[in-house]
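Participant: These are the residues of each chain, in order.
Protein chains: 2
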Amino acid sequence: MRHKRYAIGADIGGTNLRVALVNREGEIVERVKTSSTNNVFDSLVSAIDRFYSDDVAGIGIGVAGVIERKKGIVKRSPNLPSVEGIGFTDGIRQRFSLPVYIENDANAAALGERWAGAGREFKSFVLFTLGTGIGGGVIYDGHLLDIAAELGHISIEAAGVRCPCGNNGCLESYASARAMTGRAVELIESGTESLMKACCEGNVYKISPEDIYSYALEGDNLARETLKTAGRYLGIGIAGAINIFSPEAVILTGGLIGAWNIYVETAIKEVSKRAFPELSGSTKILPSILKGDAGVIGAACLAFDKTRN
Amino acid sequence: MRHKRYAIGADIGGTNLRVALVNREGEIVERVKTSSTNNVFDSLVSAIDRFYSDDVAGIGIGVAGVIERKKGIVKRSPNLPSVEGIGFTDGIRQRFSLPVYIENDANAAALGERWAGAGREFKSFVLFTLGTGIGGGVIYDGHLLDIAAELGHISIEAAGVRCPCGNNGCLESYASARAMTGRAVELIESGTESLMKACCEGNVYKISPEDIYSYALEGDNLARETLKTAGRYLGIGIAGAINIFSPEAVILTGGLIGAWNIYVETAIKEVSKRAFPELSGSTKILPSILKGDAGVIGAACLAFDKTRN
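The listed protein sequences derive, respectively, from chains A and B.
The letter at position 85 of the first sequence is residue 278 when you use the working numbering, and the numbering goes up by one with no holes.
The letter at position 134 of the second sequence is residue 327 when you use the working numbering, and the numbering goes up by one with no holes.
It should be emphasised that the hints constitute simulated quantities derived from the structure, not laboratory data.
Be aware that a few hints might be false.
Which copy? The list can't say, so a pair holds if one copy fits it or any two copies do.
With a Cα cut of at most 25 Å, we get these calculated BS3-like pairs of lysine-lysine [unchecked claim]:
1) K316 x K264
2) K399 x K421
3) K462 x K197
4) K268 x K399
5) K316 x K499
6) K316 x K268
7) K197 x K390
8) K226 x K421
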């Protein structure tokens with residue numbers, strides 16, 4: 194039997210739906226990106242429809258949240274509640290008569306980096322997705338661990354702020370994009386001097402992490418401190434992951450790695466103060482190679498791996 | 194070739210050295226327990242010597258700390274610095290001409306519970322050792338994950354107290370036996386009323402977790418609050434482990450589980466507030482069956498598994 198040449202990968206994150214046609218080398222042949230906020234199931238169907246052919250081996254879907262793999266549904270998604278309960282795999286399988294697999298989006302991204310990205314050279318690594326929220330995925334002995342890996346939802350401040358997940362003091366509430374913009378706005382509103390007051394035509398609620406980063410590069414103290422504070426917390430999270438998984442590498446992906454030289458460099462310093470040096474000394478902390486594509490490529494990888502045709 | 198009937202397991206923890214002769218059913222046939230604080234290598238040799246015969250397949254050693262398995266040494270042991278750098282496997286192998294394996298003590302305990310204890314019925318569980326320090330071990334898909342699993346050395350208070358490991362705010366500093374006695378003494382010294390003032394003939398520095406537990410049962414508020422505070426922190430640690438590993442069970446071992454109805458029950462309540470309910474709802478939290486023997490039995494299991502003779 195001839196190997197089918199492609200798999201379709203989908204990545205449903207906090208704000209975007211990405212769907213791509215991926216070949217057996219882990220390369221994206223064609224892609225589409227749209228919003229995940231409205232009718233995500235219908236958008237997914239029409240995107241898959243675009244790439245569907247008899248040369249497609251299967252479909253993999255990565256979704257933010259806690260996945261019930263057997264039932265093919267999202268049990269819980271604090272950052273994307275609209276997907277909770279949707280029967281993704283059954284629904285898609287019925288329409289396209291192809292094998293369909295579902296995985297947590299950060300787990301899919303870890304699989305993508307392992308297959309075709311920064312994780313190729315490692316047998317074990319922990320991946321953090323750093324965006325609106327924070328997710329995690331763990332590769333062990335060359336394979337994805339089938340665990341929740343909700344690394345953003347670990348308390349790093351026992352009595353810290355309430356997280357949409359119900360916990361208090363989650364890493365995500367201190368080191369994510371949402372945490373950064375929230376902190377910047379809070380500081381500006383409390384009267385701290387900053388060039389960012391003029392940002393977004395004075396509507397500080399529209400400040401993005403990209404804005405914070407560009408003001409930081411211009412030397413704005415509030416912007417720098419916001420990035421560094423989030424970076425220190427990220428370092429606490431990475432140190433914890435190293436003390437638990439003792440991985441060969443930690444791979445960072447998501448929009449926030451654009452601020453690497455301030456945010457991530459601060460995190461790396463914090464890791465060196467906190468993790469067991471016998472472990473962190475041999476752990477490389479690296480940026481993703483696939484960046485925003487890690488999730489769709491990993492989801493496609495899942496379809497290739499599992500279908501074997 | 195006839196299967197050799199026994200393996201020798203050793204468990205070198207914070208204060209005790211336990212060595213046992215274990216059969217292929219995971220039962221202890223003979224045992225010795227001594228202190229781990231003086232000349233631990235020599236004590237280990239003389240204990241093994243007692244059980245050594247040509248019916249022994251191999252020797253497994255569990256030691257508190259970060260293990261370098263290939264070299265057979267303990268790279269780091271914050272609670273037992275005297276073992277750092279000792280070439281356990283080479284040294285023991287030379288003397289007894291048997292295969293020798295080394296593992297972190299909590300990892301060994303997880304293996305023991307999986308083989309012959311509370312973990313028999315689970316394909317995946319996280320084990321916490323709750324004693325002077327706090328350790329962890331993770332069973333995944335029926336097998337021990339070869340990771341550091343230093344679950345006691347994860348920051349749960351970002352700017353918390355300094356831990357001997359170098360980190361700040363480690364779970365171990367808030368939920369271990371050492372944390373409990375430290376907190377009780379601190380409260381007594383600050384003038385808080387308590388029956389425990391009379392404990393240990395007034396020498397409060399000698400208060401043990403067992404003392405705290407018996408005073409708590411007598412209704413002493415300070416003793417109860419000390420156990421509950423430690424329990425709440427333990428709950429934060431367990432919730433984190435559930436959000437990361439989504440295990441079928443969490444198994445608790447070590448001296449502190451004697452205070453189950455206050456310390457662990459408080460932890461379980463905290464878990465229900467903090468972990469993703471979709472995960473914690475299906476996670477059982479159970480006491481160890483092998484108790485203090487989990488480590489030696491797991492270490493012996495390692496020797497049976499790896500030698501295959």
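Participant: Give a verdict on every hint.
Facilitator: Checked hints:
| no. | hint | verdict |
| --- | --- | --- |
| 1 | K316 x K264 | between (30 Å within a copy, 20 Å between copies) |
| 2 | K399 x K421 | within (20 Å within a copy, 43 Å between copies) |
| 3 | K462 x K197 | neither (46 Å within a copy, 51 Å between copies) |
| 4 | K268 x K399 | neither (31 Å within a copy, 49 Å between copies) |
| 5 | K316 x K499 | both (20 Å within a copy, 21 Å between copies) |
| 6 | K316 x K268 | between (30 Å within a copy, 22 Å between copies) |
| 7 | K197 x K390 | neither (55 Å within a copy, 76 Å between copies) |
| 8 | K226 x K421 | neither (31 Å within a copy, 50 Å between copies) |
The structure shown violates the earlier hints numbered 3, 4, 7 and 8.
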